[in-house]
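Asks: All chains, please: the whole structure from these sequences, using the hints.
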Amino acid sequence: MTTVLNVPPSLDDKTFETVLEQLAAVPQDAKVLLDARHTRWASPYGLTALLTLAQTRAERPALYVPESDDTSSYWSRTGFFKFAEDAFELHGTVPRPRASTESEVLLEITAVAKSDDVHDVVGRIQQKSQAILVKELNIDAKATMGFAMTLSEACQNIVEHAGRGGWVAVQTYRWQKRLGRRVVVIAVCDAGVGFRQSLETAQGRPRGDRWDDGMALEEAVIRGVSRFRDPGRGQGLAGVRRYIGRWDGKLSVRSGTARIAIVPSWDDDVPLEEKLPYFPGAQMQITIPERIADR
Amino acid sequence: MINHIDLSSVLRRTVCDLYTDLVTRPTGAAVRDGIEKQLAELGDRTLTVIDFSYVGLLDYSCADEIVAKLLMRYASSLPDDLPTRDAYFLFRGISESHLDAIETVLDRHGLAIVAQSSEGSTMLVGTVGDRERRAWEAMCRLGRAVPADLARETGIEVDQVREVLDALCRRRLVMRFEEGYVAVGGTA
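First to last, the sequence lines map onto chains C and Y. Heads up: the first sequence begins at 0 in numbering that gives the first Met the number 0, then just goes up one per residue. Heads up: the second sequence begins at 0 in numbering that gives the first Met the number 0, then just goes up one per residue.
Zero decoy hints are in this set.
With a Cα cut of at most 35 Å, we get these calculated DSBU-like pairs of lysine-lysine: (1) C/Lys127 with Y/Lys68; (2) Y/Lys36 with C/Lys113; (3) C/Lys249 with Y/Lys68.
Distance ranges between label pairs, derived from CB positions: (4) C/Arg59 with Y/Glu95: 44 to 50 Å; (5) C/Arg39 with Y/Arg11: 44 to 50 Å; (6) Y/Arg12 with C/Arg59: 41 to 47 Å; (7) C/Lys134 with Y/Asp129: 41 to 47 Å; (8) C/Arg222 with Y/Met71: 18 to 24 Å.
Please keep in mind that the hints were generated in silico from the structure rather than gathered at the bench. C-beta atoms are modelled at their ideal positions from N, C-alpha and C, and glycine is treated no differently.
Replies: The following block contains the structure:
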C-alpha cells in the first residue's frame, strides 16, 4: 500500500515539518507518494530536503510534480529534477531541463559527497555571488569571500561527518512575509548519521544524564565540539556562526528530533526545538538578509 | 638561504591543476604534505616564505591544516619541548579574507606567525603576549640585537628579555645566531 504525503503549498524549513509529521507514522519500508501538485513555492531547503527524504526510504518513493507550470519550471531551473529523476518515480509533467540564467539561482542544487565537490561548489559560487551580494543585497564586497567560506564549511559537514552524500543549493529571493527584504539562502541537507551519532563516535566523550539530539546540536553548533580529538576541529561551524553574526543572518540546523537556531532580531524563531518527528542526518539553512541601513 | 613556496603551485601539483581555492581538510593536508616534502630536501636551518599571493579562497579547515599544523610541527610554546627542526616561516600575500581564517586558527591553538605585506612590512598575527610583541617589534627596528639592546629599547629587564627571546625562538618568530637575535622577516 502506498501512503500519500501532502507537500504544502509553500515548502520551506518550517512547513517541511508537516511532511515529516505525516511520514512519522509510516513504516520505513512502506512506499510513499509525495503529492506536490498544489505546491506553488519551495525554498532551497524545501527542495534539498525532499531529495534527502527520498534517500531515507527503503523503497523509492513517488513524487507528483507541481501542476503549476511556473512552479515546476522553477524547480527545473534549480536543478531539482536532475536528481529527482533518480530519487523518485516522477508523475506529472516534468519540464525540459534548461540551464539557469536567472540571478536568483546562485547555485543550482548540487550533490556533495567528497572534497572535490566542495571545490566545485566554491568555484561556481564565487563567479555569481559577488554581483548578487553587493548589487542586490547591498552586502559589503568583503563579505563575498566570507560567504564562499561559509558555504565551504557547511558543505564539509557532509563530507566529514554524514557518511553519505547530500545536497546544497543557494538562492536569493524576496522574503516578503517575514522580512520584507531580499535574502540569500544556503541550504545543505543530508540523510547521514546526524550530529548525535557523529559525536557519539568520539572516544572518551563524557556522557551526562542528558544526551539527545538537542544536546548534540548545542555541543556542535554552539560549543564547537567535534567527534575528532584534534583541537583544530569544530572551527567550521564556529566560522559559520561568526559570519552570520557579522551580517545579521540566521543559522538553523535540524538533526534527528531537534532543531537549533541562531536567531537574529528580525526573526521570531525559537533557539531550540525538540521532540520533532525523527529525520536522519543534518539539515542546515543559512539566511543572510539584504542590508538596509547602509543605503 | 631563503626558500620560497608558492601555495597555489603546491595546490595544483598535489591536488588538482584546476584549483585555485584552498578549501577542505583533505586539500589542506595534501598541500601541507607537499610543503613538508620540500622542507625535507632542505638543510636543517631554513627560512621559508609561504606565499598566498595566488590563492583564491582559504577556508578555516584548510587554514588549520596548512598554517596551524605546519607551525605545530616546527614550533613549540613549551620551554622543555624543543622543536624537531630549525624551520622558520614568513607568510606572504595574505589577503583580508585569508587573514580572517588564519587568525581564527592561530587563536584556537595559541600560535603566531610573521606576515609580510606586499610593501615588505612585517607584522605578528595570532596569539602573542604584550612583552613578546614589544620585544619582536623592537628587534625589527634594531635589526640584529642582543638582550641588553632589547632591554634598553623596550624597558624590559634583561632577564625577562632573555625569557621572552627563548619563547620567541621556540615559537619560530625569532632566529638565534651566535652574535644575537634577528626577528623573522626583519633585517639582520
